[in-house]
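Residue numbers (the numbering used here), protein chains in the order written: chain A, 25 to 502; chain B, 25 to 502.
Read the hints as simulated data drawn from the structure, not as lab findings. You may find that some hints are simply not true.
To be verified - Okay, derived cross-link-like pairs now, DSSO-like style, lysine-lysine, Cα gap no bigger than 27 Å in a straight line: (1) A:101 with A:84; (2) B:108 with B:74; (3) B:84 with A:478; (4) B:85 with A:446; (5) A:496 with B:74; (6) B:133 with A:133; (7) A:113 with A:85; (8) A:496 with B:133; (9) B:478 with B:500; (10) B:42 with A:415; (11) A:283 with B:44; (12) B:283 with B:42; (13) B:500 with A:415; (14) B:478 with A:283; (15) A:133 with B:478; (16) A:415 with B:478; (17) A:42 with B:254; (18) B:108 with A:254; (19) A:446 with B:74; (20) B:85 with A:500; (21) B:74 with B:84; (22) A:496 with B:415; (23) B:478 with A:491; (24) B:446 with A:491; (25) A:500 with B:478; (26) B:415 with A:478; (27) A:368 with A:283; (28) B:133 with A:500; (29) A:74 with A:44; (30) B:491 with A:113; (31) A:133 with B:113; (32) B:85 with B:113; (33) A:500 with B:113; (34) A:446 with A:113.
Because the structure is a prediction, the values reported are computed rather than measured.
Below are the chains, spelled out letter by letter.
2 protein chains.
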Amino acid sequence: MSHEINTNVSPGEGIVQKAKRAKTAAIKLANATADEKNEALLGIADSIEKNRDQILAANKKDLEVATGLTEAGKMSKALLDRLKLDDAKIDEIVRSVRDVARLEDPVGKTLSAIELDEGLELFQVSCPIGVIGAVFESRPDVLVQISSLCLKTGNAVLLKGGSEARNSNEALFEVVREASVSNGNGSEGVGGVPDGWVQLLETREEVGEMLKLSDYIDLLVPRGSEEFVKFIQNNTNIMVLGHSEGVCSVFVDRDADLKMAEEVCYDSKVQYPAVCNAAETLLVDSAVASEFLPRMVERFLEAGVEVRGCSRTLGFFDGAGDGEGDGKGDGKEKGKEKGKEKLKPASEEDWRTEYNDLIISVRVVDGVDEAVAHINRYGSGHTDAIVTENKETALKFLRFVDSSSVMQNASTRFSDGFRYGKGAEVGISTNKVHARGPVGLEGLVIYKYLLLGKGHAVAPYTGSNAKPFSHKPLSKSF
Amino acid sequence: MSHEINTNVSPGEGIVQKAKRAKTAAIKLANATADEKNEALLGIADSIEKNRDQILAANKKDLEVATGLTEAGKMSKALLDRLKLDDAKIDEIVRSVRDVARLEDPVGKTLSAIELDEGLELFQVSCPIGVIGAVFESRPDVLVQISSLCLKTGNAVLLKGGSEARNSNEALFEVVREASVSNGNGSEGVGGVPDGWVQLLETREEVGEMLKLSDYIDLLVPRGSEEFVKFIQNNTNIMVLGHSEGVCSVFVDRDADLKMAEEVCYDSKVQYPAVCNAAETLLVDSAVASEFLPRMVERFLEAGVEVRGCSRTLGFFDGAGDGEGDGKGDGKEKGKEKGKEKLKPASEEDWRTEYNDLIISVRVVDGVDEAVAHINRYGSGHTDAIVTENKETALKFLRFVDSSSVMQNASTRFSDGFRYGKGAEVGISTNKVHARGPVGLEGLVIYKYLLLGKGHAVAPYTGSNAKPFSHKPLSKSF
């Protein structure tokens with residue numbers, strides 16, 4: 025829905041004023057101490073608990089309108105579910121804010137230190153990015169999540185949620201704002217958590233306007249459907265941190281432990297199919313296809329997975345396939361029987377499709393090179409796995425697959441900020457700049473260079489008799 | 025000129041084919057060894073030396089056309105100068121390519137390593153970004169520079185130079201391509217330096233087309249005037265690594281060593297005014313203005329610098345200024361005399377202007393807070409310096425000035441990739457994502473995650489009886 029927003033509007037006064045206020049606040053917030061930020065986060069968590077009834081009442085208003093729309097066929101049931109808050113959801117929101125408070129402060133870390141010459145020292149120090157634009161659909165809990173991540177990293181944030189969650193968002197926003205601000209109108213140069221650091225945009229038109237505010241917004245973080253994220257990416261020249269899609273593959277190599285392969289493939293597809301790191305494609309080395317495929321396909325079919333195969337895959341199930349005629353093993357025979365009835369042919373489009381569902385496309389390939397070529401051609405650069413015991417083959421796959429996460433003998437479902445130990449996940453990025461793959465707090469910080477001298481001028485370091493630089497690493501922090 | 029390019033064209037076959045070839049080559053180049061890449065770089069350097077005469081002959085053709093245009097008033101003399109190659113320029117190009125070969129390989133470094141659970145190890149490893157789009161004006165040496173930086177970092181590159189340098193660019197491109205490619209048609213999965221890694225776009229229309237190729241180009245690196253860079257930034261949704269402008273300030277605090285302040289200000293403005301890290305604004309604390317300003321202004325005027333002052337600054341030179349009536353010091357009196365005649369009033373516009381020339385705007389402010397507010401309001405977030413002996417004041421300035429480089433007691437002119445010890449400078453970025461400030465090879469690499477397991481599935485780590493992750497840091501490399 026939101027991707028039909030009109031972008032041919034010029035930024036109105038309202039949103040520009042909000043963006044300016046956010047930018048002013050950002051500089052102060054960047055200098056809030058870890059304690060100040062954590063205190064604000066814990067204040068938000070407490071306040072959400074305290075205002076639970078008001079928040080649920082606001083959400084109820086949204087749900088009433090949404091239920092009507094759903095009954096009239098104008099809103100999906102899934103969207104209605106995402107919109108809904110209840111006590112358990114509130115508990116989860118509160119817990120996640122407290123979790124963010126417990127994370128290490130990513131701001132103010134010395135990333136490098138070097139002496140340029142005697143008494144002239146350069147420090148590269150992590151700092152917030154500035155102003156984040158967060159755009160999200162339906163789920164009101166995202167408002168709290170993204171606000172708490174921005175607060176923790178010292179960034180101001182402009183929030184724009186879905187209009188269907190308007191009442192819920194307003195209630196949550198007020199709680200976040202009121203509970204976090206420590207110095208309402210602090211004078212220039214004062215840290216703490218300043219008023220203005222978090223702003224709520226209220227009208228639908230404001231999204232289109234927001235995408236034009238490259239003078240104020242340093243990074244856009246969209247949350248929602250792939251279509252929604254793509255719409256944002258295609259309608260702004262502000263950097264977007266978001267993943268386009270997850271067309272993930274598992275390749276079962278000729279040197280795979282086939283029992284292990286079965287478990288990895290099963291987990292990658294079946295454990296939770298609705299998410300971007302679930303596998304959509306199974307690639308099988310022709311050398312082991314006849315042994316592996318019937319068993320695997322049977323297991324998929326039993327789990328209710330629709331299997332779409334390439335012609336070679338289908339061949340294993342109609343007797344016209346590559347060899348395979350010894351008939352040993354009951355499972356295999358049974359698999360062949362079942363598969364014969366149930367397998368569908370895969371189209372060219374299937375190789376590029378993120379099903380997010382219990383469907384898998386299967387292709388037989390002649391070895392790792394063909395698997396890599398398939399993935400780099402049809403995949404989305406998200407997560408791909410090989411199952412093999414052969415180190416050399418694994419190394420080739422790990423090196424040549426151009427994806428943000430490449431795995432050996434592990435389920436693609438591990439590709440996730442929490443599992444990767446990041447504490448909090450800002451998103452999974454299929455960008456190839458700034459932050460790639462599962463992104464934690466590090467995706468919301470950048471750095472600045474601080475140079476401390478004793479009156480150093482550049483002139484002596486130039487010309488034919490130039491003084492040399494020492495460029496000596498320093499083992500101290502700023 | 026180039027910013028008048030028509031962007032309302034749909035990508036033609038030609039450029040899409042070139043982009044596809046570059047993307048295919050990128051995956052192979054990403055896996056070239058440091059030795060293979062360095063050998064290719066040294067080959068390029070040798071070949072430029074060997075083909076010096078042909079390159080200069082091609083450049084002569086461009087110069088003939090350009091000289092005609094200059095005489096007809098259709099091209100600036102400055103542009104003609106930038107277009108010109110001679111033996112010294114060629115020597116410099118050759119030397120700089122050899123310098124790049126000597127730099128450490130930024131690809132394949134283990135940035136982090138962590139155990140998720142027993143036998144499940146996650147490595148974050150640096151890798152090339154993929155395909156770089158380089159757009160540049162007039163200077164043909166940029167073609168070689170950006171190609172060598174891309175080659176060193178394992179990135180494929182689409183090059184688009186100015187049409188006025190067409191013959192020079194073609195000659196240099198052929199040398200770069202022929203001398204670098206080690207395996208013309210290597211099969212899938214072979215490293216080395218593959219054909220196709222470097223592509224030359226030839227027509228003016230191709231720039232507009234290039235800006236739309238977000239499916240193939242991962243990062244744009246424009247080189248040219250600020251206007252040109254801004255045009256690129258405003259007409260693409262591909263990430264652009266480029267600086268918009270450098271409106272740099274030096275603030276002389278009340279606790280400054282005023283002799284040191286004079287040297288830092290002088291160097292920041294006068295040492296080389298045509299560049300982005302030269303100072304455009306001098307901010308002086310009112311507490312020391314009467315002592316510092318007359319002397320400083322005199323020194324600027326003697327160096328031929330035009331001085332534009334705020335009303336308080338002008339006040340010091342017409343007798344109506346803030347106090348200052350003891351009359352000690354000849355220099356100061358002389359400065360006041362000179363200043364009275366020569367000072368011009370600064371307009372609001374001056375505070376935002378990058379002169380790139382011997383002009384400076386001067387403002388008297390009441391302390392560090394006002395200086396910080398001025399810089400964050402009018403500056404461009406490039407480089408700003410404070411001169412002070414007061415640690416607390418310095419810390420406030422270093423923390424609250426929102427610029428990529430912030431300095432204490434050092435000239436703004438130090439803000440530069442070579443001076444910062446980066447070996448090679450890709451550019452100075454005023455972006456607040458990906459890479460900020462002087463950018464070396466690190467701006468052309470990103471990372472991928474490699475997860476090595478033993479058949480690990482996600483299922484056991486989920487649900488009510490979930491296995492915990494260890495998230496133990498590992499002290500080994502991939």
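Against which earlier hints does the structure fall short, listed by number upward? Hints 3, 4, 5, 10, 11, 12, 15, 18, 19, 20, 23, 25, 29, 31, 33 contradicted; others consistent.
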